[in-house]
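These protein sequence lines map, in sequence, to chains X and B.
So that you can map any letter, position 59 of the first sequence is 126 in this note's numbering, and since no number is skipped, the others follow by simple counting.
So that you can map any letter, position 163 of the second sequence is 250 in this note's numbering, and since no number is skipped, the others follow by simple counting.
No lab work stands behind these hints: they were computed from the structure.
It is possible that part of the hints are untrue.
Here are the computed lysine-lysine pairs in the DSS-like style, where the Cα-Cα straight-line distance is at most 27 Å [what the hints assert, rightly or not]:
#, chain 1, residue 1, chain 2, residue 2
1, X, Lys313, X, Lys290
2, B, Lys232, B, Lys335
3, X, Lys313, X, Lys125
4, B, Lys232, X, Lys313
5, X, Lys313, B, Lys335
6, X, Lys290, B, Lys335
7, X, Lys290, X, Lys125
8, X, Lys290, B, Lys232
So, partial list: chain X residues that the calculated Cβ filter (under 7 Å) puts toward chain B [to be verified]:
#, residue
9, Ala77
10, Tyr129
11, Val131
12, Leu148
13, Leu156
Away from chain B, derived, C-beta distances all over 12 Å, residues of chain X [what the hints assert, rightly or not]:
#, residue
14, Thr104
15, Phe105
16, Val106
17, Gly128
18, Val132
19, Val168
20, Leu197
21, Pro238
22, Ile240
23, Gly250
24, Pro261
25, Ala296
26, Ile304
Bear in mind the structure is a predicted one, so any value in this text is a computation, not a measurement.
C-beta atoms are modelled at their ideal positions from N, C-alpha and C, and glycine is treated no differently.
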Amino acid sequence: MGFLAPVCLAFAVFYLYPAIRGAWYSLTDWNLLSEPTFVGLDNYATLVSDPLFWNALKVTGYYVVLTIALQIVGGLGLAALLHRLTRSLLIRSLLLVPWLVPSVTTALLWMWLLDANLGFFNHVLRGVGLDNQGFLTSPDLALPSVAVINAWSGVGYTALLLYAGMLLIPPQIYEAAAIDGTGEVRQFFSITMPLLRPILAFVLVVSLIGSFQLFDTIAVTTKGGPVNATRVVYFYIYEQAFTHFKMGYASALALSLVLILGVLTFIQLRLLRASTSDLT
Amino acid sequence: MNLSKIGRLVAWLCLIAALVISLFPLYWMLRTAITPGRELAADNAGLLPGNPTLFNFERVLGLATREEARAAGGSGADLNFFLYLRNSILYTGLITVVQTLMCAMAGYAFARLRFRGRDTLFGLFVAALIVPPIFTLLPNFVLVKDLGWLNTLPGLVAPTLLMTPFAVFFLRQFFLGIPREVEQAALIDGAGAWTIFWRVVLPMTKGPLLTLALTTAVWTWNDYLWPLLVAPGEESRVLTAALGIFLKQSPNTAPDWTGLMAGSALSVIPVLLLVAFFGRRLVDSIQFSGMKG
Chain X
68 MGFLAPVCLA FAVFYLYPAI RGAWYSLTDW NLLSEPTFVG LDNYATLVSD PLFWNALKVT
128 GYYVVLTIAL QIVGGLGLAA LLHRLTRSLL IRSLLLVPWL VPSVTTALLW MWLLDANLGF
188 FNHVLRGVGL DNQGFLTSPD LALPSVAVIN AWSGVGYTAL LLYAGMLLIP PQIYEAAAID
248 GTGEVRQFFS ITMPLLRPIL AFVLVVSLIG SFQLFDTIAV TTKGGPVNAT RVVYFYIYEQ
308 AFTHFKMGYA SALALSLVLI LGVLTFIQLR LLRASTSDLT
Chain B
88 MNLSKIGRLV AWLCLIAALV ISLFPLYWML RTAITPGREL AADNAGLLPG NPTLFNFERV
148 LGLATREEAR AAGGSGADLN FFLYLRNSIL YTGLITVVQT LMCAMAGYAF ARLRFRGRDT
208 LFGLFVAALI VPPIFTLLPN FVLVKDLGWL NTLPGLVAPT LLMTPFAVFF LRQFFLGIPR
268 EVEQAALIDG AGAWTIFWRV VLPMTKGPLL TLALTTAVWT WNDYLWPLLV APGEESRVLT
328 AALGIFLKQS PNTAPDWTGL MAGSALSVIP VLLLVAFFGR RLVDSIQFSG MKG
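Starting from the given sequences, assemble the full structure and let the hints guide the process.
Written out as structure tokens, the structure is:
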């Protein structure tokens, strides 16, 4: 039993115990200073009629769809290129560099690249005769910009995961297809994609859970603004807890997020039949 | 030139474009960091600055006087870089080593040992995988605060020092994939589970474990929210939190971009060292999760 003792102790103290405490907080009114007062389901009643909560969910959903689409499409494309062109470790390491850059640094760096006045991207826009854009200050562009930032940071990682999955596909299948005169594009859609499904499912689930936790980029660049255009649910919870000191309400929001993610993951795994492979 | 050769050429161009997109932002960071602060408003478009300088690094590291720094467009704030670097290394090093070891033990137990309630317990860990960290972060913050551990190393490392559900899950999958023969030989020789783990399994899997530890190290190094909440104080501040705070000290209307980019560039150096020394292992560790997915 010695094998499990430390891990179980930590799990009890830092996962189970806080989970129970969090559920309890969600039934209280508490500003972190006084004693919590029990208020029953009041926080949940507030939550249901809180337009900012629904806005946060909507904004998060929009972001999740954008960033996952960018990362999966980009990652698949990159992985396919790597798979068909080269085994170079250097190229793979270089593609991974953005993922290794701390997210705070990434956010700072892109804030500068996207700066409304002096940013590099606005130089490019002006160079081709277009107007300056406030990428992070315009309500329409801010969220897509954040999605692009995080796609930049994550696409190399996604590509490596998918590339590893492609390496598992027996080369004979491609050889047979090539002999039959099947083109590269057709091979990608009729061989690679179907056989990649378990890994695609894994990547989808991991990026979905990860994208719902968007915080660092928002905290550094837009702080939820302009207006509420980037006030994603993770940042909203953080603000409720540590800016407005509404610990009870923040806990109710967090527990709701747990439930939402649980349901979404369950549906995803069901739809994608993640645990079965077409290879075996 | 036939069609497939053109196809390959186009494919290579796409791959090169992807490399440029990946790396150009980092080049631009460096380019900005070596531009004199006062000249950035006029000199921010060319591939190289007119008068490259290292002064931004000096002032960010606190090697210049406040007056000199302000004259160069800074807020006068500096980064106590080496202190934060030390804190980041302590935070990352401690968690990586202890967590990997403890989770390897647990992963091994889940993969190999039979005991009552094993699958229930493991199921609980898997369920915890999808719980967004903010849910436990709020009470954990309260716990650390109540213990009086705010702005201390113990407070910073406590929640993840011994385990994360992900690490246990990952290492269990890893041990499931190792052939049992070697252990069985030792078992026949009368060795106990403990001896087998330390003497046979760990030495045999040192390489892959290091590979997995690297992923933990990267995550911990990049962690922002938790260190910002529990250890914002100067003495216990880690690099990521320091960068966030450095940005807040920079004037909102005219951010000190050259200083910010110099600070950012400094924060990337450890990452580049990691790639230089462990590139293959890092790539392997991610590909390993792709194959296990």
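Non-conforming hints, listed in increasing numerical order: Failing hints, ascending: 10, 11, 19, 23 and 26.
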